[in-house]
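Given only the sequences and the hints, what does the whole structure look like? Please build it.
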Amino acid sequence: MKIVACIKQTFDTEAKIVVGGDGQISDEGVNMIVNPYDEYAVEEAIRTKEKDGGEVVVVTVGGDKAQEALRYCLAMGADRAFLINDPALVGADSRAVSVALAKLLSDKEAGFDVIFTGKEAVDDGAAQVPSQLAARLDLAQANVVTDCEISDGKATATREIDGGSETLELTLPALISAQKGLNEVRYPSLPGIMKAKRKPLEVLSLADLGLSADDVASKVELVVAELPPARKAGQRLTGEVDEVVAKLVQLLQEEAKVI
Amino acid sequence: MSIVVCVEQRDQNLRKITFEALSEGKRLAVASGKTLKALLIGSGVAHLADELKKYGVDEIAVVDNEALAVYTVESYAAVLAAYIVHETPALVLLGHSAIGKELAPRAAAKADCGLVSDCIEVSSADGDYLFKHPIYAGKAIGSFKVAGPTRMATLRPNVFPIEESEGAAGAVVDFAPEIPAAKVTVTGSEMSSGDRPELTEADIICSGGRGLGGSEGFKLIEDLADALGAAVGSSRAAVDAGWREHAAQVGQTGKVVSPNLYVAAGISGAIQHLAGMGSSKFIVGINKDEEANIFNVADYGIEGDLNKVIPALIEKLKEVQ
Amino acid sequence: MEFAYTDEERMMLQMARDFAEKEVKPLAKEVDKEHKYPAATVKKMGELGLMGVSVPVEYEGSGMSNICYAIAIEEISRHCAATGVIMSVNNSLACDPVKIFGTEEQKQKYLADMASGRKLGCLGLTESNAGSDAANLSTTAVLNGDEWIINGRKIFITNGNEADYSVVIAITDKAQGHRGLSAFIVDLDNPGFSVGTVEDKLGIRGSSTAELVFEDCRIPKENLLGEVGKGFKIALTTLDGGRIGIASQALGIARAAIEDAAAYAKERVQFGKPIAKLQAIQWMLADLSTHYEAARLLTHRAAYLKDQGQPFGKEAAMAKLMAAETAMKAATQGIQILGGYGYTTDYPMERYFRDAKITEIYEGTSEIMRLVIATNILK
Numbered sequence: 031m032k033i034v035a036c037i038k039q040t041f042d043t044e045a046k047i048v049v050g051g052d053g054q055i056s057d058e059g060v061n062m063i064v065n066p067y068d069e070y071a072v073e074e075a076i077r078t079k080e081k082d083g084g085e086v087v088v089v090t091v092g093g094d095k096a097q098e099a100l101r102y103c104l105a106m107g108a109d110r111a112f113l114i115n116d117p118a119l120v121g122a123d124s125r126a127v128s129v130a131l132a133k134l135l136s137d138k139e140a141g142f143d144v145i146f147t148g149k150e151a152v153d154d155g156a157a158q159v160p161s162q163l164a165a166r167l168d169l170a171q172a173n174v175v176t177d178c179e180i181s182d183g184k185a186t187a188t189r190e191i192d193g194g195s196e197t198l199e200l201t202l203p204a205l206i207s208a209q210k211g212l213n214e215v216r217y218p219s220l221p222g223i224m225k226a227k228r229k230p231l232e233v234l235s236l237a238d239l240g241l242s243a244d245d246v247a248s249k250v251e252l253v254v255a256e257l258p259p260a261r262k263a264g265q266r267l268t269g270e271v272d273e274v275v276a277k278l279v280q281l282l283q284e285e286a287k288v289i
Numbered sequence: 350m351s352i353v354v355c356v357e358q359r360d361q362n363l364r365k366i367t368f369e370a371l372s373e374g375k376r377l378a379v380a381s382g383k384t385l386k387a388l389l390i391g392s393g394v395a396h397l398a399d400e401l402k403k404y405g406v407d408e409i410a411v412v413d414n415e416a417l418a419v420y421t422v423e424s425y426a427a428v429l430a431a432y433i434v435h436e437t438p439a440l441v442l443l444g445h446s447a448i449g450k451e452l453a454p455r456a457a458a459k460a461d462c463g464l465v466s467d468c469i470e471v472s473s474a475d476g477d478y479l480f481k482h483p484i485y486a487g488k489a490i491g492s493f494k495v496a497g498p499t500r501m502a503t504l505r506p507n508v509f510p511i512e513e514s515e516g517a518a519g520a521v522v523d524f525a526p527e528i529p530a531a532k533v534t535v536t537g538s539e540m541s542s543g544d545r546p547e548l549t550e551a552d553i554i555c556s557g558g559r560g561l562g563g564s565e566g567f568k569l570i571e572d573l574a575d576a577l578g579a580a581v582g583s584s585r586a587a588v589d590a591g592w593r594e595h596a597a598q599v600g601q602t603g604k605v606v607s608p609n610l611y612v613a614a615g616i617s618g619a620i621q622h623l624a625g626m627g628s629s630k631f632i633v634g635i636n637k638d639e640e641a642n643i644f645n646v647a648d649y650g651i652e653g654d655l656n657k658v659i660p661a662l663i664e665k666l667k668e669v670q
Numbered sequence: 399m400e401f402a403y404t405d406e407e408r409m410m411l412q413m414a415r416d417f418a419e420k421e422v423k424p425l426a427k428e429v430d431k432e433h434k435y436p437a438a439t440v441k442k443m444g445e446l447g448l449m450g451v452s453v454p455v456e457y458e459g460s461g462m463s464n465i466c467y468a469i470a471i472e473e474i475s476r477h478c479a480a481t482g483v484i485m486s487v488n489n490s491l492a493c494d495p496v497k498i499f500g501t502e503e504q505k506q507k508y509l510a511d512m513a514s515g516r517k518l519g520c521l522g523l524t525e526s527n528a529g530s531d532a533a534n535l536s537t538t539a540v541l542n543g544d545e546w547i548i549n550g551r552k553i554f555i556t557n558g559n560e561a562d563y564s565v566v567i568a569i570t571d572k573a574q575g576h577r578g579l580s581a582f583i584v585d586l587d588n589p590g591f592s593v594g595t596v597e598d599k600l601g602i603r604g605s606s607t608a609e610l611v612f613e614d615c616r617i618p619k620e621n622l623l624g625e626v627g628k629g630f631k632i633a634l635t636t637l638d639g640g641r642i643g644i645a646s647q648a649l650g651i652a653r654a655a656i657e658d659a660a661a662y663a664k665e666r667v668q669f670g671k672p673i674a675k676l677q678a679i680q681w682m683l684a685d686l687s688t689h690y691e692a693a694r695l696l697t698h699r700a701a702y703l704k705d706q707g708q709p710f711g712k713e714a715a716m717a718k719l720m721a722a723e724t725a726m727k728a729a730t731q732g733i734q735i736l737g738g739y740g741y742t743t744d745y746p747m748e749r750y751f752r753d754a755k756i757t758e759i760y761e762g763t764s765e766i767m768r769l770v771i772a773t774n775i776l777k
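Residue numbers (the working numbering), protein chains in the order written: chain A, 31 to 289; chain B, 350 to 670; chain C, 399 to 777.
No lab work stands behind these hints: they were computed from the structure.
No experiment lies behind these values; they were computed from the predicted model shown.
All C-beta atoms in this analysis are idealised placements derived from N, C-alpha and C, irrespective of residue type, glycine included.
There is no bait here: all hints are sound.
When the alpha-carbon atoms are kept at most 30 Å apart in a straight line, the in silico DSS-like pairs for lysine-lysine are as follows:
hint	chain 1	residue 1	chain 2	residue 2
1	C	755	C	420
2	A	287	B	637
3	C	423	B	568
4	B	481	B	494
5	C	442	A	227
6	B	667	A	287
7	A	262	A	46
8	B	481	A	262
9	A	277	B	637
10	B	532	A	81
If you want the footprint, here are the derived chain A segments under chain B, 3+ residues with CB under 8 Å:
hint	stretch
11	118–125
12	171–182
13	191–202
14	240–252
15	276–287
Dropping the structure here:
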């Protein structure tokens, strides 16, 4: 089996967000990690390989620093990695990213059986690349998956939907986007970290993929980012339990008008 | 040109987010001089068109086909993309629901449109639209522009007010695009039991955290939720401890909710939790730790033992209702 | 001079931090309160390669640098200093002497077991009358045919209650003084061995500190580690390396105290503003952070020298001295910043305080560190 995991390098979820003078988010001094949902994707890819054999290829679109994220996945147990890095992809939207990934996976790295991605990235929170990539590769897809079984050219996936869950059967090749709960992500072992240094990590430009800057033109532009207005502490209700509760119910009825 | 709302229905019931999207679509159509159209996809759904007319829809395109009886993102996205190509609307709106958040990007790729997900505000000016979407788990708000001619957006549930509107034609037209052979079959589904509303569309949510002390502690939260007609949520700590399903988790790695009222009991209010519920209209915090961070965001804070406060609150609610 | 992390150091840091946050931190309070050896965590650390960080891959270690080792110990100790010392002792005091002085057979037989985490190691050096004066031992090893017979009692042995193997220093020739000491590898699954008193301690309560009792404990002749008469040198070399581990453990405690105190100071409002706005608090945190960073540079430099095969004894002593005193100071002032709350068990600050103290004592007291440093610079 050829198993692909698509990842994104994102800010550490603990990172403090600073908006620069240009109205864009500053990444200065920010600790970068593998998007947490993508870690579930990489883990599932490795587990699938461990069960059925084959190889795990990790791919990302990003700058030089994104190599660190790929190395981390190699240390977890992936076999090979690709970084698509091109000046024309700076500030790329989901369209641009999915076009570049689709080209790699339909051309140079064609012939995969399954693609795993995270259900969304914790930075832009858009959840677009998995579905756009599936569309561009004309793949069956299952999103927000919490359980996945691959056998006999099929994937059986249980996914979260509003108010419940559903189970899908997909013909391979297919794309699965991972939700928390799909698996428990391993830590890269120390020997794994040492081995990762020697695993192939190839950096590709758009030209290497046979794409032009126009092909990956973004349609969505972040005009400006702002910090949200801080939420202010309201009033503290004090006193005996009965008084406090009566006061709260009164406020909810008369001031908040929510009950 | 038009603004199109892609209607969401489940088992032939319209979802609340559709009314929110239609209401916002109408406001934007009026502001930017567009017509409002609705795209209704499914099987045996034509009768739902009447309900949609209440929101000032000029035209309702119905795609009624047995092959669409069961939702799959492939088939529905193919229909939506075909409609976009056919109609070239200025703006397409969907809900940022489980369906909308996959349907919109798949259709956007097929129709080659730009899409902004999870918008909390859409405004029109000079023939263009500006979309506000929380990024970095709500730690920042981005304002986005989308290159035309067709822009797409999904709207965060419970943010856009529902408004009915009169005087539009509400003409029903059929639309019959080709529907691709399915590579996916839905083999089963399981809806959470009970009558409680779904977390992301609930008006009121009662959430519990570590302070409940165990899964039995959630009985209190459930009782309070039932007294309020609320959905039940959970902090990450309670999910990690195995007291609650992950589907109930509110926060950075769980659901993002914006109810009118959010009651956080035994939840300290870590930044990751606030990322999921910080846009709630009113927040009540109940915690025994006077320093708990939840009190920094709560409109009404009660410092005390939730085992005493919640039963008393339930009693009081029963009294006044 | 290069201050950037290499790829492997960065990944190691991220992995160890993640592991500590998710696996070590949630248990730390219970481990301390219940004096509970974190067996499951140690097993996981073994699987990840943390129990033999700088042991070569052919002996089932991770083949990483001592800088990586220092980083890992600090991250684990950031959340649980007891878990940190269990790891440090196995790596530095048990694996290291076998790695440096052991025969190929000894490495295959003992080092691989300890480096992989299948077995736990300890070092039997200290006795009731031989603490800082490490040469004043009374445990004896007598060669009898194909066996050494060991008799004596070792005290204050970290990991002593759980260890499977111990490196033991004993007298083989009383007349020769410290040149009459030799080192042995003892499989503790031996009828002549028993665990004596297990100490009840102020801190690092999740790691055992036990008495090793040898009564006619017969071990194979080939379990002599290094040459006869080299025991004292082996002990000192081992302790030099151990100090990098303990310095890193102290760094972890210091960082815990500083980070927690800073977080608290930003939240705690008194006189209408967070106490972090008060210069008195700011100066404490500024000084502590400076000491921490300085101690960390010393520690990593000592580790670097060890990686390069250069003498590092003085640097390791400096690192341990400074890191231990910084940890103690950070925890003391940390409690001060938290005030009454810091004195309660509601916050882990009091645990950092109790855990910090031992770093000024074991594997060479701060006084011995100063002696080592002075001897080096005055020679």
